[in-house]
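**Student:** Following the hints, complete the assembly by docking chain P onto the known chain R.
Top to bottom, those sequences are chains R and P. Its first residue numbered 1, the first sequence is counted upward by one per residue in my numbering. Its first residue numbered 230, the second sequence is counted upward by one per residue in my numbering.
In case anyone wonders, no lab produced these hints; they're calculated from the structure. Heads up, some of the hints might be wrong.
Unchecked claim - Here are the computed lysine-lysine pairs in the DSSO-like style, where the Cα-Cα straight-line distance is at most 30 Å:
(1) 15/R - 262/P
(2) 159/R - 87/R
(3) 37/R - 138/R
(4) 159/R - 295/P
(5) 312/P - 13/R
(6) 15/R - 295/P
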Amino acid sequence: MEAKELVALNNEKRKRLTDENLAYYEDMLVYIRLNLKGSEQQTEEVLMEILDHLLLGQSEGKTAQAIFGENLKAYCEEIIAEIPKEKSRDNVLFSVYIVLQFLAVILVTNGIVGYGLYIFGGFGSEVMKISVGAIFIKGLVALIELAFYLWLLVTVIRKTLFSNAKREKIYAYLMLFLLTSTLIGVFILIQRIVPDFGSIIEVPIYTSALIGLIFYIISYIMNKRFRIV
Amino acid sequence: MNTRSQLLKGVLEGCILAIIAQAPTYGYELSLKLQEFGLEEVSEGSIYPILLRLQKFDLITGTMQKSAAGPKRKYYHLTESGKQALATFTDQWEAMKGPVDSMLQKAEGGI
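The shape of chain R in the complex, shown without the other chains:
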């Protein structure tokens, strides 16, 4: 069975857990899946085995703590340590997919909003002046920010998932909020301060949406072909 089918089956089967066991199991699931370096296939197979075990144990009146121990985080770490690494081909495909989707959203939004504002509100201009040098720098910064942001999200969730201390969770999410705001600020600042350099090309503003759409279609075909997400 492929990883995607296992995920779907897992979603179905999980509904049979009691509330208490479901909360316990979903913490495990999130923590183990957040180990992005691990083979997806092996990750989903072991998650399914653990779920099956918990369901059978539940029918015999055993609690999740009795089966997996009191220290859930340590148990998950043991599992993660033994999951083989994902093939680098799959990692590259996944990264390219994420980047294409990210760029598609930005470009389509930019194109539609820009064109809409011009047509209906008379704001801005119908043509977009693109500085080849500046757009390269801006795009690069945006991608670095995206990578950093994803890393930040994963780290915060991993750090706080098993913590019962409310204060620690509130602190972590407050930090996340501040860092998110800062990142958005930096993003806007960079878009404004990077000077134009290199050759300038002029295209209608809706071109942005068209290019975004092409990126989206490429990512869609990639996903159909390689079953990435």
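**Tutor:** This is chain P only, laid out in the frame that chain R set:
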């Protein structure tokens, strides 16, 4: 019981290989068999990191098969290198069992 102790881990690996050698087994069944043999102190979940490790070293392979109860389960089989590893474990255990027992008995006698 702290299942992270290296001794227990190694012994459990050998026991799991021995059980899978008798018949293809899935996770829950395996934990029941370990308990039947008297390893009741081992928490049930501790078999899964070990199963992953045995697969990583290609000592066992898992295939999804229909179980007697109906739903598909991941059944583990021993590979050729798994059989060799089990033979090695058995030899080492046999060689150590006597000496360790008598040493521990002597030590107890001295207390």
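**Student:** Indicate, hint by hint, whether the structure satisfies it.
**Tutor:** Here is what the structure says about each hint:
{"no.": "1", "hint": "15/R - 262/P", "in the structure": "holds (28 Å)"}
{"no.": "2", "hint": "159/R - 87/R", "in the structure": "holds (26 Å)"}
{"no.": "3", "hint": "37/R - 138/R", "in the structure": "holds (28 Å)"}
{"no.": "4", "hint": "159/R - 295/P", "in the structure": "violated (38 Å)"}
{"no.": "5", "hint": "312/P - 13/R", "in the structure": "violated (34 Å)"}
{"no.": "6", "hint": "15/R - 295/P", "in the structure": "holds (21 Å)"}
When the structure is compared with the earlier hints, violations turn up for hints 4, 5 and for no others.
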